[in-house]
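Undergrad: Protein chains in written order, with the UniProt record's numbering: chain A, 1 to 161; chain B, 1 to 161; chain C, 1 to 161; chain D, 1 to 161; chain E, 1 to 161; chain F, 1 to 161; chain G, 1 to 161; chain H, 1 to 161; chain I, 1 to 161; chain J, 1 to 161.
Worth flagging that the hints you see were computed from the coordinates, not collected in a lab.
Any given hint could turn out to be false.
[Said to hold, decoys possible] Under the rule of at most 30 Å between Cα atoms (straight-line distance), these lysine-lysine pairs were calculated in the BS3-like manner: (1) A:K29 x A:K139; (2) F:K139 x G:K138; (3) D:K138 x C:K138; (4) D:K160 x C:K160; (5) G:K139 x I:K121; (6) D:K139 x C:K121; (7) B:K38 x B:K139; (8) C:K121 x F:K139; (9) C:K139 x A:K143; (10) G:K138 x E:K160; (11) E:K138 x E:K38; (12) I:K121 x I:K143; (13) G:K64 x G:K29; (14) G:K138 x H:K64; (15) H:K21 x H:K64.
[As the list claims (entries may be wrong)] Label pairs and their calculated CB-CB ranges: (16) B:P157 x D:E35: 48 to 58 Å; (17) F:P157 x C:D34: 18 to 28 Å; (18) C:W161 x F:A82: 19 to 29 Å; (19) B:G123 x C:G70: 48 to 58 Å.
We put the beta carbon where it would ideally sit given N, CA and C, even for glycine.
There are 10 protein chains.
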Amino acid sequence: MSASVSSTSAPYSELPAANVKLFEAKARKGATFDEIAKAVGKDEIWVAAAFYGQAKFAPEDLQKVSEFLGLEQASLDAELGAHWWPNRGLGPMPPTDPVLYRLYEAVLVYGHAIKAVVHEKFGDGIMSMIDCTVTVAKKEHPKGDRVVLTFDGKFLPYAKW
Amino acid sequence: MSASVSSTSAPYSELPAANVKLFEAKARKGATFDEIAKAVGKDEIWVAAAFYGQAKFAPEDLQKVSEFLGLEQASLDAELGAHWWPNRGLGPMPPTDPVLYRLYEAVLVYGHAIKAVVHEKFGDGIMSMIDCTVTVAKKEHPKGDRVVLTFDGKFLPYAKW
Amino acid sequence: MSASVSSTSAPYSELPAANVKLFEAKARKGATFDEIAKAVGKDEIWVAAAFYGQAKFAPEDLQKVSEFLGLEQASLDAELGAHWWPNRGLGPMPPTDPVLYRLYEAVLVYGHAIKAVVHEKFGDGIMSMIDCTVTVAKKEHPKGDRVVLTFDGKFLPYAKW
Amino acid sequence: MSASVSSTSAPYSELPAANVKLFEAKARKGATFDEIAKAVGKDEIWVAAAFYGQAKFAPEDLQKVSEFLGLEQASLDAELGAHWWPNRGLGPMPPTDPVLYRLYEAVLVYGHAIKAVVHEKFGDGIMSMIDCTVTVAKKEHPKGDRVVLTFDGKFLPYAKW
Amino acid sequence: MSASVSSTSAPYSELPAANVKLFEAKARKGATFDEIAKAVGKDEIWVAAAFYGQAKFAPEDLQKVSEFLGLEQASLDAELGAHWWPNRGLGPMPPTDPVLYRLYEAVLVYGHAIKAVVHEKFGDGIMSMIDCTVTVAKKEHPKGDRVVLTFDGKFLPYAKW
Amino acid sequence: MSASVSSTSAPYSELPAANVKLFEAKARKGATFDEIAKAVGKDEIWVAAAFYGQAKFAPEDLQKVSEFLGLEQASLDAELGAHWWPNRGLGPMPPTDPVLYRLYEAVLVYGHAIKAVVHEKFGDGIMSMIDCTVTVAKKEHPKGDRVVLTFDGKFLPYAKW
Amino acid sequence: MSASVSSTSAPYSELPAANVKLFEAKARKGATFDEIAKAVGKDEIWVAAAFYGQAKFAPEDLQKVSEFLGLEQASLDAELGAHWWPNRGLGPMPPTDPVLYRLYEAVLVYGHAIKAVVHEKFGDGIMSMIDCTVTVAKKEHPKGDRVVLTFDGKFLPYAKW
Amino acid sequence: MSASVSSTSAPYSELPAANVKLFEAKARKGATFDEIAKAVGKDEIWVAAAFYGQAKFAPEDLQKVSEFLGLEQASLDAELGAHWWPNRGLGPMPPTDPVLYRLYEAVLVYGHAIKAVVHEKFGDGIMSMIDCTVTVAKKEHPKGDRVVLTFDGKFLPYAKW
Amino acid sequence: MSASVSSTSAPYSELPAANVKLFEAKARKGATFDEIAKAVGKDEIWVAAAFYGQAKFAPEDLQKVSEFLGLEQASLDAELGAHWWPNRGLGPMPPTDPVLYRLYEAVLVYGHAIKAVVHEKFGDGIMSMIDCTVTVAKKEHPKGDRVVLTFDGKFLPYAKW
Amino acid sequence: MSASVSSTSAPYSELPAANVKLFEAKARKGATFDEIAKAVGKDEIWVAAAFYGQAKFAPEDLQKVSEFLGLEQASLDAELGAHWWPNRGLGPMPPTDPVLYRLYEAVLVYGHAIKAVVHEKFGDGIMSMIDCTVTVAKKEHPKGDRVVLTFDGKFLPYAKW
C-alpha cells in the first residue's frame with residue numbers, strides 16, 4: 001500500500017523532491033513531528049520547519065532522520081546537504097488557510113501593541129526572527145484546550161554610526 | 001510645554017481623535033503601557049492594543065484610564081464608549097517597520113510548521129485569535145536579552161454538519 | 001455634551017457628511033439600528049446599510065429617520081435625496097477587521113461548495129445580490145449564543161441568445 | 001465511456017489527486033452532492049466542501065463515500081486520511097466567477113452593516129467561521145425561485161487580559 | 001436651501017473644484033443629464049462623462065452649460081477651458097459598486113468572445129475607444145425594462161511597417 | 001495536416017481539454033463563429049463565449065456543435081454536459097491585449113457616466129450581466145468601418161426589506 | 001548540433017509552440033532580426049514583435065519567413081495563419097529586466113510631459129499605438145553610441161456625440 | 001480674473017506648491033510649453049517634465065522662467081533651488097489616462113522586440129533613461145497628423161568584474 | 001525670506017511635523033548632511049536616515065542638532081524624544097524615483113547571487129540590517145566619478161532548537 | 001551517485017535548462033562560486049549572477065566554466081552563447097527569504113537617506129546599476145563576523161536638452 005501527501009493548496013507543490021520524500025516517509029511510518037523530533041534531538045516545530053524546507057538539517061540531523069524514517073542517507077545528503085540552502089517563505093500572503101490566517105491576524109491586530117511594548121522594555125531595536133525559537137504546547141482547559149505558541153527571540157538594538 | 005505624538009508612518013494618522021488624545025496624555029505623563037496597565041488591572045499588551053484602537057475599553061476601564069492620565073472621562077465615554085466598536089487592523093501589509101516585519105516573517109517561515117503541529121496535537125481546527133491572550137516578557141541573557149512573546153489561544157475544532 | 005463617531009479604520013472617513021450626521025445623531029440618541037429600523041418599518045441590516053451609504057432611503061424613509069433622530073429633513077433630502085445615488089462598496093479588501101474577515105473567509109472556504117450546490121439545485125445561473133435580503137438573528141444556545149446570518153436572493157438563470 | 005471533470009478555471013487544477021478522483025467518481029455515477037450527503041449522513045454543503053478539499057472526512061465518512069461511489073477505501077485513506085489536513089482557501093480573490101463574486105459583493109456592500117448589528121446584538125466579538133454551519137435551500141416563488149443561504153455561527157467574545 | 005453632492009465613495013473627492021460646482025448646480029436645478037444634454041446639443045452619456053472630468057467641453061459647450069445651470073461662464077472657462085485637459089480614469093479597479101462591476105464583469109466573461117468575433121469580422125485590429133460613441137437607452141419590457149448600452153467605435157487595423 | 005490553436009497568452013492554457021478540442025475542430029474546418037452559431041441557432045458571441053468555457057451548452061447545443069464540427073458527441077457530453085458548470089472569468093486583469101483593454105478602458109472612462117444615466121433613467125439598481133445579451137455588428141463607413149457592440153440587459157432594482 | 005532558446009524569465013514559456021520554433025530556427029541559422037526583416041521586406045522591430053507573438057504575419061510573410069529560415073510553411077500556416085490572432089502583452093509588469101524597465105521608467109518620468117505637449121500641439125486626443133510604427137536605430141557617438149527609439153503614431157481626436 | 005489648474009486625477013495634487021504656482025502662472029499668461037521652452041533655451045518636453053517636478057531647473061533656468069512668467073525668482077529659488085531634488089515618478093501605474101496608457105501599452109506590446117533588437121545591435125546592456133533626450137514632433141499627413149515621439153539614449157554596456 | 005522643503009512625491013507628506021522642521025532648518029542654513037553629521041559626530045547616512053524618521057536620535061544627538069540648526073531643543077525633545085519610536089519604511093514599493101529604483105534593481109538582479117555567496121562564506125543565516133552601518137563615498141574616476149555604497153552588517157546564524 | 005539542486009522556492013524553476021546544468025555540475029564537483037570565479041578570472045558575485053541567468057558569459061568565460069566543471073562547451077554555447085540574452089530579475093517581490101528581504105529592507109529604511117547624500121555629493125543623477133560592481137567580503141569580528149557588501153557604481157548625471 002502506498003501513502004502519499006496530498007493538499008489542496010500550493011505549499012507541497014513548491015517543495016523540492018527531497019522534502020516530498022520526507023513527507024511521504026513520515027506518512028508511511030505514521031510518525032508525528034514530535035516523534036521525529038525526539039529521534040533527532042530537536043523541537044517538533046524546528047523539525048516541521050525543516051520538512052517544509054524552511055530550515056537546514058545538519059549532516060548529523062539528516063543521518064538521524066534518514067535512519068528513523070528508513071530513507072537512504074546518501075540521497076538526502078545529495079539533495080539537502082552541503083550545497084543546498086533554504087529559500088525561506090512558503091505560499092502566498094495573506095494566507096487563505098484559517099490556521100495561518102489567524103497568525104497573520106495577530107500581526108494585524110496586535111502588531112503595533114507588541115512593537116510599542118518591545119520599545120518600552122528594550123529600546124530602539126527588534127526581536128530577532130533568526131536567533132529565535134518557536135514552540136507550540138497544549139494546555140488542557142475545562143472550557144476547551146488551549147494552544148500556547150511562544151516566540152523566544154534575541155533583542156537586537158539598532159546600530160548607530 | 002506640550003508633548004505630542006509623532007510618527008513617520010501611517011498608524012497614528014488612522015487613529016480616531018480620542019485615541020490620539022490617549023497617546024498625548026500618556027506622553028505628557030511620561031507613563032509606560034505597563035504603568036497604565038497596572039492602573040487598569042490589565043496586561044500592557046492589551047492596554048497598548050486598546051490605545052491603538054484594536055480593543056474596546058469597558059466603562060470601568062475608561063474610568064481608570066482617564067483618572068490615571070488626567071483626562072475627562074465623559075469625553076472618552078462619548079467617543080470610545082457604548083456606541084463605538086473597534087475596526088481592527090492598522091496599517092498596510094506587508095508591514096515595512098522591521099519590528100512588525102519580523103512578526104510577519106514568523107508567519108512566512110514558521111506558519112506551516114505551526115499549522116502542522118497544531119493539527120497533530122489537536123486535530124482539524126484552529127488556534128483562536130479572539131479568545132487569545134498575548135504577552136511580551138523580557139528574559140535577561142548574558143549574550144543579549146531576549147523577547148519572549150506568547151500567544152495563548154483556545155483551540156477551536158471545525159464544525160461538521 | 002457632544003457625542004461623536006470614532007473609528008480606527010477608514011470606513012467613516014469615506015462617508016459623505018450626511019451619513020456622518022446620521023451616525024452622530026444615532027449615537028447622541030443612544031439608539032440601536034433595530035430601534036431605528038422599527039421606526040422606519042424596515043429591517044435593521046437594511047437600515048445599517050443605508051447609514052453606511054450602501055442603500056438609498058426613499059423620501060418617506062428619510063422623513064421617518066429624520067423625525068426619529070431629531071434631524072432636519074430638508075438637509076437630509078438635499079444630501080441623500082433625489083440627486084444622490086449610492087456608490088456601493090466600503091473599505092479595502094481583504095478586510096482586516098476580524099468580523100468582516102470571517103465573512104470573507106466564508107467565500108474563500110465555502111464559495112465553491114455553495115456554487116456547486118446552487119448549480120445542482122437551480123442550474124446555470126447565480127443568486128442575485130441585488131434582489132436579496134440579508135438578516136442577522138440571535139439564537140440562544142447553552143454553549144454560547146449563535147449568529148444566524150441569512151441571505152435570501154432570487155435565482156437568476158443565464159440568458160442564452 | 002469515461003467521464004471527466006473539466007473547468008475553465010483554476011480550482012480543479014489545485015486539487016490533490018484524491019479529490020479529483022472523488023469528482024470523477026461522482027460524475028461517473030451521476031450523483032448530486034445531496035445524494036452523497038444523504039449516504040454520508042451530512043449536509044450537502046459540507047460534503048461539497050470536503051470534495052473541494054476544504055474539510056476533512058473522518059474515517060467513517062471516507063468509508064461511506066468510497067462505498068457509495070464505488071472507490072477503493074484504502075486508497076482514499078492513504079491520501080485523505082490521518083496524515084492529511086486541509087489547506088483551506090481555493091482560487092484567486094476577488095473571484096471572477098459571477099456566483100462566487102456575488103458572495104464577495106455581499107461582504108463589500110453589507111459587511112459593515114452586518115458587523116454593526118452583530119456588535120449591537122452581541123457585543124465586541126465575532127461570528128465564528130469555524131464553529132459554523134452553512135446551508136443552501138431552494139425556496140419556490142411565483143416571480144422566480146430563491147436561494148436561501150444561511151450561516152449559523154457561534155458568537156465569540158474578545159478575550160481581555 | 002443648499003443642495004450638495006454627496007457620495008460614499010471616492011469619485012467626487014477626486015474631481016476638480018470646477019466639476020464639483022457643475023454637480024452642485026445640476027442638483028440645485030434638479031436637472032437630469034438628459035435635460036442638460038439637450039441644452040448643449042449632445043448625448044447625455046457624453047455630458048455625464050464631461051461632468052465627471054472624462055471629456056473636454058468646447059468653449060461653446062461651456063457657454064451653454066453655464067447658461068443652462070446659471071453658472072458664471074468666465075469661471076468655468078478659467079478652470080475647464082483652453083489650459084485644462086482631462087486626466088481620464090476615475091476610481092479604483094476592480095470597481096466595487098455593483099453597476100460599475102457588472103460592466104467590468106462583461107469584460108471578464110465576454111471579452112475573449114468579443115475579441116474573437118471582432119477579429120473574424122474585421123481582421124487584426126481593435127475597436128477604438130477614442131473614436132467611439134456610447135449610448136444608454138431604456139427598452140420597456142413586460143417582464144422588466146431593459147438597459148440597452150451601445151458602443152459604436154471605429155475599427156483600427158494594426159500598422160505593419 | 002493537423003491544425004492547432006496557438007496563442008501567446010494565457011487564455012487557452014486555462015481551458016479544459018474539451019474546449020481546446022472545440023477550437024481545434026473549428027480551425028480544422030476553417031469555420032467562423034458566425035457559421036457555427038447559425039448551425040446551433042444562436043448568436044456568434046454566445047457561441048464564442050461557450051467555446052471559451054464562459055457559457056454552458058445545452059444537450060441539444062452540444063449535439064448540433066458536434067455534428068457541425070465532426071466531433072463525437074458522447075465525449076463532449078461527458079466533459080461539458082450535465083456535470084460541468086462554467087467557472088467564468090478568463091485571464092488576468094487589467095487585460096494586456098489591446099482589444100480587451102479598450103473594453104476595460106470603457107469602464108474606466110465612461111463607467112461613472114453610464115451609472116449616472118442608468119440611475120436617472122431607471123432608479124437605484126443595476127443592469128444585469130446575467131440576463132443580458134451581447135452582440136457585435138459591422139457597420140460600414142466611408143472613413144473606416146465601425147464595430148457596434150451592444151449589451152441588452154435587464155434592469156434589476158435593489159431589494160429593500 | 002542543436003541550438004535552443006533559453007531564458008531566465010517567463011516570456012518564452014508563454015509563447016506558443018510555433019513561435020518557439022521560429023526562435024530556434026533563427027538561432028540555428030544565426031540570423032539577426034534585421035536579416036530576417038530584409039528577407040520579409042519589413043522593419044526588424046515589427047518582425048521581432050511578430051516572433052514574440054505580438055503581431056500577425058500575413059500569408060506572404062509566413063512564406064518568406066519559412067523560406068528564409070528553412071521551416072515548413074504548411075506547419076507555420078496551421079499554427080499562425082488564418083485562425084490565429086495575437087493575444088498581445090507579454091510578461092509581468094512592472095518589468096524586472098533593466099532594458100524593459102527603462103522604457104517603463106520613461107512613462108513614469110516623462111509620461112505627463114509627453115501628454116501635455118501632445119495636447120498643446122494636437123488638442124484632446126491620443127497618439128495611437130495601433131496605427132504606429134516603432135524603430136530602433138544606432139547612432140554612433142564618441143562618448144558612447146546612442147539608441148534612437150522612435151514611435152510614429154497617428155493622432156486620434158476624441159469623439160464627441 | 002483668476003486662472004487655476006484643475007484636473008480630475010491625482011498628478012496635480014501630488015505636486016509641491018512651487019510647481020502648482022508655475023502651472024498657474026503658465027495658465028494666466030496663456031503660454032504653451034513650447035513658448036516657455038524657447039524663453040529658457042530648452043526643449044518643451046524637458047520644460048514640461050520640470051514643471052511636473054520630474055527634472056531640476058538650474059539657477060539660470062529658474063531665472064528665465066520666473067522672468068518669462070512674471071514670478072518672483074527668490075521664491076522659486078527657495079522652493080526648487082539648491083536644496084530641492086526631484087522625487088521622480090508621478091501617479092499610479094498602470095496609468096488610466098488613455099494618452100499615458102498607450103505609452104505603457106508600447107512597453108507591453110513592443111518591449112521584448114525593442115530589447116531583442118537593442119541586444120542584437122549593441123550587445124548586453126541597456127538604453128539609458130538618464131542620459132536620454134525625449135522629443136515630440138508633429139508630422140502632418142493627409143490621412144491624419146502623426147505624433148513622432150523620439151527617445152535618444154546612451155547605450156550602457158553591463159559591467160563585468 | 002522663508003525656505004521650504006518641496007517634493008513631487010510622497011515621502012515628505014508622510015513625515016511628522018518635527019522632521020519637516022528639521023528639513024526646513026537645514027535648508028534655511030544651507031547645510032549638507034555631512035556638515036550636520038560632523039556636528040553630531042555621526043555619519044551622514046545615519047543622520048539623513050534620522051531626518052527621514054528612520055532612526056532615533058539620542059538626547060545628546062538632539063541637543064547637538066538643535067544647536068547646530070538653531071532650533072529649540074525642548075520642542076524636538078517633546079516630539080522625537082523618549083516617547084517616540086520610528087515606524088520605519090517610507091514611500092511605496094517598487095519605488096518610482098530612479099535613484100531608489102536602482103537600489104531595488106540591485107536586489108532583483110544580484111539578490112540571489114549575494115545570498116548564495118553569503119551562504120558559502122558564512123553558512124545558513126543572514127546579514128543583519130539592524131546591526132549594520134551604511135556609507136556612501138565618492139570615488140573620483142577619469143571616465144566619471146563613482147558612488148561607493150557599502151553595507152557592513154553582522155552575520156546572524158539561524159537558531160536551531 | 002547523483003547530485004541535484006533543490007530549493008523550496010521558485011528561482012530554480014524559472015531557470016533555463018542550461019543554468020540548471022551549471023548548478024548541478026557545481027554541486028557534483030562540490031565547488032564554491034569563489035573557486036569557479038578564480039578559474040574564470042572574475043569575482044564570485046558576478047559568476048553567481050551569471051549562474052542565476054542574471055549576466056551573460058562571454059565565449060571565453062563559457063569555455064573556462066565548462067572546462068572547470070567538466071561540461072561540454074558546445075552545448076553551453078548553444079544555449080547561453082551568441083543568441084541568448086539575459087532576462088534579468090528573478091523571483092517575486094517583496095522577497096520572502098530573510099537574506100533577500102534584508103536587502104530589500106535596506107532600500108525601505110535607508111533608500112531616501114542614500115538618495116539625499118548622493119544628490120548632495122554628486123548633484124541630480126543616479127548611481128548606475130549597469131556600470132556597477134558588487135562584492136561581498138567577510139570581516140572577522142570578536143562579537144561575530146560581519147558581511148561587507150559593496151556596490152561601486154558610476155554616477156550618471158541627468159541629461160538636459
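Undergrad: Please go over all the hints and tell whether each is borne out by the structure.
TA: How the hints compare with the structure:
At roughly 27 Å between alpha-carbon atoms, A:K29 and A:K139 fall within 30 Å of each other, so this suggested pair holds. With a CA separation close to 44 Å, the supplied pair F:K139 and G:K138 exceeds the 30 Å bound. Restraint check: the Cα-Cα separation between D:K138 and C:K138 comes to about 23 Å, which is no more than 30 Å; the hinted pair holds. Annotation: proposed proximity of D:K160 to C:K160 is violated, straight-line Cα distance about 56 Å (limit 30 Å).
Restraint check for G:K139 and I:K121: the C-alpha separation of about 45 Å exceeds 30 Å, so the hint is violated. A hinted pair counts as satisfied when its Cα atoms are at most 30 Å apart, and D:K139 with C:K121 qualifies at roughly 11 Å. For the suggested pair B:K38 and B:K139, the alpha carbons sit about 20 Å apart, so the restraint of at most 30 Å is met. For the given pair, C:K121 sits about 43 Å from F:K139 by alpha-carbon distance, which is inconsistent with the 30 Å threshold.
At most 30 Å may separate the alpha-carbon atoms for a hinted pair to count; C:K139 and A:K143 meet this at roughly 21 Å. Proposed proximity of G:K138 and E:K160 is supported: the alpha carbons are some 21 Å apart, at most 30 Å. Using a Cα cut-off of 30 Å, the hinted pair E:K138 and E:K38 holds, with the two alpha carbons roughly 17 Å apart. Between I:K121 and I:K143 the alpha-carbon distance is near 33 Å, which puts this suggested pair outside the 30 Å criterion.
Only pairs whose Cα atoms come within 30 Å are accepted, and G:K64 paired with G:K29 is accepted, the gap being roughly 15 Å. The straight-line distance between the Cα atoms of G:K138 and H:K64 is roughly 35 Å, outside the 30 Å bound, and the hint therefore fails. Note on H:K21 and H:K64: the hinted pairing holds, with a Cα-Cα distance of about 15 Å set against a maximum of 30 Å. Range check, B:P157 to D:E35: Cβ separation about 27 Å, and the 48 to 58 Å hint is violated.
Distance hint check for F:P157 and C:D34: the Cβ-Cβ separation is about 25 Å, which falls inside the suggested range of 18 to 28 Å. Restraint check, C:W161 to F:A82: a C-beta distance of roughly 22 Å satisfies the suggested window 19 to 29 Å. Checked against the hint of 48 to 58 Å, the pair B:G123 and C:G70 passes, with Cβ atoms roughly 54 Å apart.
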